[in-house]
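Those sequence lines, one after another, are chains E and B.
Going by my numbering, the first residue of the first sequence is number 858, and it counts up by one from there.
Going by my numbering, the first residue of the second sequence is number 858, and it counts up by one from there.
Think of the hints as simulated: they come from the structure by calculation, not from any bench.
All C-beta atoms, glycine included, are put in the ideal place defined by N, C-alpha and C.
Don't take every hint at face value.
[Said to hold, decoys possible] Quick partial rundown of chain B residues pointing at chain E, CB under 8 Å, derived from the structure:
no. : residue
1   : K874
2   : Y878
3   : D880
4   : P923
5   : N937
6   : K1057
7   : V1113
8   : R1244
9   : P1313
10  : P1346
2 protein chains.
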Amino acid sequence: MSRGCGSDCPASLDEFKNVYYSDILPLNRDGWCETEKFLEGVVRILLQHIKESNDPNNKVIRFYQPLELASLLDLEIPNNPMPLAQLLKDCTETLKYQVKTGHPRFFNQLSTGLDIISMAGEWLTATANTNMFTYEISPVFVLMEKEVINLMCQIIGWPEGQRDGTFCPGGAISNTFAVNAARHYFYPRCKSLGMGDMPKLAMFTSEDSHYSLRGAAALLGIGVDNCILVPVDDRGKMIPEALEAAIIAAKEEGFVPFFVSAVGGSTVYGAFDPINPIADICDKYGLWLHVDAAWGGGILFSKKYHHLEGIHRAQSVTWNPHKVMGILLQCSLCLVRKEGLLFQCNQMCADYLFQQDKPYDVSYDTGDKTVQCGRHNDIFKLWLAWRAKGTVGYERQVERLMGLAAYITAKIKRTPGYEMVLSEPEFLNICFWYVPKQLRQLEADERKARLEKVAPKIKGKMMEAGTTMVAYQPDKDKPNFFRLIISNPATTTEDLDFFVDEIARLGESI
Amino acid sequence: MSRGCGSDCPASLDEFKNVYYSDILPLNRDGWCETEKFLEGVVRILLQHIKESNDPNNKVIRFYQPLELASLLDLEIPNNPMPLAQLLKDCTETLKYQVKTGHPRFFNQLSTGLDIISMAGEWLTATANTNMFTYEISPVFVLMEKEVINLMCQIIGWPEGQRDGTFCPGGAISNTFAVNAARHYFYPRCKSLGMGDMPKLAMFTSEDSHYSLRGAAALLGIGVDNCILVPVDDRGKMIPEALEAAIIAAKEEGFVPFFVSAVGGSTVYGAFDPINPIADICDKYGLWLHVDAAWGGGILFSKKYHHLEGIHRAQSVTWNPHKVMGILLQCSLCLVRKEGLLFQCNQMCADYLFQQDKPYDVSYDTGDKTVQCGRHNDIFKLWLAWRAKGTVGYERQVERLMGLAAYITAKIKRTPGYEMVLSEPEFLNICFWYVPKQLRQLEADERKARLEKVAPKIKGKMMEAGTTMVAYQPDKDKPNFFRLIISNPATTTEDLDFFVDEIARLGESI
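Produce the complete structure using the sequences and hints provided.
Structure, rendered in C-alpha cells:
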C-alpha cells in the first residue's frame, strides 16, 4: 500500500456517501484506508446482529408478508453505482428483516444456532475465496479435508484403508452421490452406457426418510416409483421384516434391488432405523447399505447413546456437521467406505484441471471425486470449530442437547393442553400438539379436524409476535403438529420454559 | 447482554490464551466482550491478508509439497478444546500458506480476484446463517433472488413470464440441472419411471465444452457415450453442420436426440459456439437448446461485443457470476425459460418443509425448485456487489478486461519466444507457448516433444518462486501450453508486463 490513512480518509460512515467501489481495493490500490474502514463498518453491523440475536428478549423475526416486505425494502439493481454508505445501509436493512437463526428461541429447522468460531471460519473462507478442486489453489484446505474425513470415518468405525468421502452442498446431494456411488459399484458400465442398458434397479428407504432419496431416484434416472418406501413402526423406525418382504417382492417383479438407506435421525420424529437387522438383510441379498445420518450423525460423539449402533457396517454415510455439530450452512459429507470408488464413479479427467504432470503428487487433487467442478470450501469452518471444542466438546454438546430434549419432553407431558405425538422421543425432535381449551372436550373426529388448523394458526400468530419460531407438519393420519428441534447450543431451560408458555398463550388467542 | 467490557476482559490477543469457546457467545451470554474482541482479532488477520494480497510485490503463494506442508502445519483435531489464542494463530497460519487468489498476478483459474463488496456480502451471509429453501427463514434473500433472477433473464433477452431459475452450487451442477429440466420437459414420466422406460436419449455438446456435460450424462443415467461430442473448428467453435450430421447419425442409430448445449466461453480457449445456427438446428429437430455461459455470461453486459448473439433463443442458460462478474465462490445459476418447469421437475412436496397451509403465499417457498434441500445463500454477495457497481459498472468491468486481453495478446505476439496457440483469442483466455531459446531452432517433431515438458517445468519453477500463477494443459495434438486468464479486476498492464517477463525468465532457467 502506498500510503496509510491520511486526512482525506472517511472519518465516519457518513462520509462514505461519496465513496464508491472504484475508490477502494482492488481497483484503487491507494484505497486501503477506505477499504479497511468500510469493512470495519460492515463488521460493526454484523457484531450488532450477533449481540441482538443472543438476547432472548429480542424478537426472532419481524415478519412481513412477501409483498409488504418487498415494498419496505429497496431491492432494485441500479444502473449506476451506489455509494458505500448505501451498501452499509443495505446490510443493516437486510439483517433487520432477516430471521435471527442464532436466537436461543429459534427452533424452526434442524440447523439452528450461530457458532461464533465456525462463523469466524466462514469469514476467513470468504476472504481466502478459493476453490477446492486442486491442491495447487487450496493446499491447506485440501489437507484439512483429508484430516477431517479420515477422523469422521474413524468415528463411524471404518478401518484404515477404508475411509473416503467428499464434502457436498447439503445432505440431499450427499444422499444423491451415495446412490450414484452404489450404482457405479454394481454397474460401472452405467456411467458410459446409461440406465437404458441396465436391469430395472430398485432402491429402498423408509417411508419416513428424507425426500432427497426419492429426489436422487428421479435425478439419476432410476425413477421415484422404483425408490420403494418401507413401512415404519409406531415410533417411525423402519421395520426390517417389511424391508425384506419389499426386497423379495421387487425381485419377483423383475427388479434388481441394489441400495438400502437406513435413517439415522428422521426429519420429523428423529427416529433411527435399526441398522444391524437392516445390515443383515443387506448382507443376505448383497445390497449396498447407506445410512442417512445427516441429522443424527452427531450422536456418535457420545458414548452414552447407541442410536447408530451398527453404522460401521454401512458402505456409505451422509453426515451433516451443519446440523447437530452447529457448523455454519453448508457443511455436509458423503462418506464412502470403498476408497477410490468416488474417483472411479465421477472422474472425467479434465485435461485443463487435473493434469497428471503437475509438479506435485496429484492424488491431492481431489476435485475429480465429485460431480461438482467448482466446489466451495466447507472444511475450514468445520475444522476451526472442531479445534475449538475438541472431540470432547462435541460429546458435551450433544449430551447437553439430549438433556434439554428430556427436560422439555417432561415439561410438555405435565403441561395442560399439550399432547406428545410420540410419547418417548428418541432424539432431539419433540413432536406435540397444543390443544386449546375450547377443543379439549370435543369428540375425537371433530377434535382432529379442528386440530389440523390449530398449528398453522398458532404459527401465524407466532410469526407476527416474533417471539419464537417452530415448524409444524401433518403426518399420515395425524393432524398438523409442532416439531420442536433442540439443536441450538444457545438454548437454555429458561428458553424452553418460555416456549411452552408462549405456545399456550398463542394457542388460547387464536 | 448483561454487561459491557469490564476489567476482566482480554486486553490483547495474547490474553486469549485462557479463553475458550465456552467463555464466549452463545454458551456464555455474559461473554459479549470476549466475543467481540475475538472476532475483531480475526478481522485484523483477514484485513492483513487482503492488504498483502493486493500488493503485487508480495508472493502469490508459498508453495510446499503436500507432505512438507502437512509437517509444517498443526492440522490435528484435538480431543480437548483449544484456547481462542490458538484459533487466531490457526487463522494466521492457514492464510500464510494459502494461495492469494485475489493477487493481481493470480491468473490460474477462470475465477480470480477478491471483490471486497462481494466479500463483505459473504461475511454477512455467514452471520445471517440461513437456508434458502423457504420464505419464512429467508424472507429478504428470497426476494433478492427473485429480483436478480428476473434481471439476469431479462439481460439474456427472455420476455416477462418466461423467466425462471435457481442458484446452484457451481456451474457443473447448473449444467446438470439444465439437462434434467430438459429431460423432464420431453419425458415427464421419467421422474417416476426412470430411464429404463424411456427411449435411448442422446445429448450433444462440443468436444471443447466443459466436462460437466459428460458428468451430467453419467449422473442422470443417460450415459457418457450418449453425450455426443461435436467437432469444433480451428478456433474451438462448434461446427453447426457437424452438429446436424451428428443428430442425423444418432437418429439413424435409434437414439432420440433431445438436448444440445452450446458453449458460451469455453474453458480453455474462451470460444463461443455460434448460437443462431445451432438454434436453427434445434428448432428444425425440436431439441432443447442450452447455453453454457458459465464463463462467458458476463459479456452480455457489454453492448460492444456480440459473442452471445442468439442466446435469447436458448431454453436454459448456465451463468456463473463467480467468474467474469468477480462474485465470491460459489455463485452460479441455472436459468430456465419455461416458468414452473423446475418446480415440476424437482418437486417432492415434503410435508415438513413446504406446507401448503402456511400463513403466507407459499409460492415464495422456492426450495422445491431444486434437487438440493439445504441450499446456501449465494444471492446476497451477488446482490450487494451488483448494487455497488450498477449494471454500468459491470459493462465497464468486462470491457476493461477485454482491453487487457487485447493488450497482452499484442504484447505476447511481439515478444520473442512466445507463440500464440490461437492467433486471435475471442475472449479472456490467452493461450500461448513459451519456447525457450534452446528449443527454438529444433526440427518440428523434436520441438513439439520437448515443448510438452516446458510448461510443467515452468509451472514448477513458478510455484517455487511464487511470483505468479497460471495454468497449462495440452489439447488434442497440441503440446502443453499456458492459458492466461484475464478475469481479475485487480490486474493492471504492469502486472501483465511483469507476467510476460517472468515466464521468459522462468523459461530460460529450466
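We went through each hint and held it up to the structure:
With its C-beta approaching chain E no nearer than about 14 Å, B/K874 sits outside the 8 Å limit, and its interface hint is violated. Taking 8 Å as the C-beta contact cut-off toward chain E, the hint placing B/Y878 at the interface holds, the least distance being around 4 Å. Annotation: interface hint on B/D880 violated; nearest CB of chain E at approximately 11 Å, more than 8 Å. Checking B/P923 against chain E: minimum C-beta separation of about 5 Å stays under 8 Å; hint holds.
Below 8 Å, beta-carbon pairs count as interface contacts, and B/N937 has one with chain E at about 4 Å; its hint therefore holds. Taking 8 Å as the C-beta cut-off, the interface hint given for B/K1057 holds, the closest approach to chain E being about 5 Å. Because the beta carbon of B/V1113 sits about 11 Å from the nearest beta carbon in chain E, more than 8 Å, this interface hint is broken. Checking B/R1244 against chain E: minimum C-beta separation of about 5 Å stays under 8 Å; hint holds.
With a cut of 8 Å, the hint placing B/P1313 at the interface with chain E holds, because the nearest CB-to-CB distance is about 5 Å. Satisfaction of the interface hint for B/P1346 is found here, the shortest Cβ-Cβ separation to chain E being roughly 6 Å, below the 8 Å cut-off.
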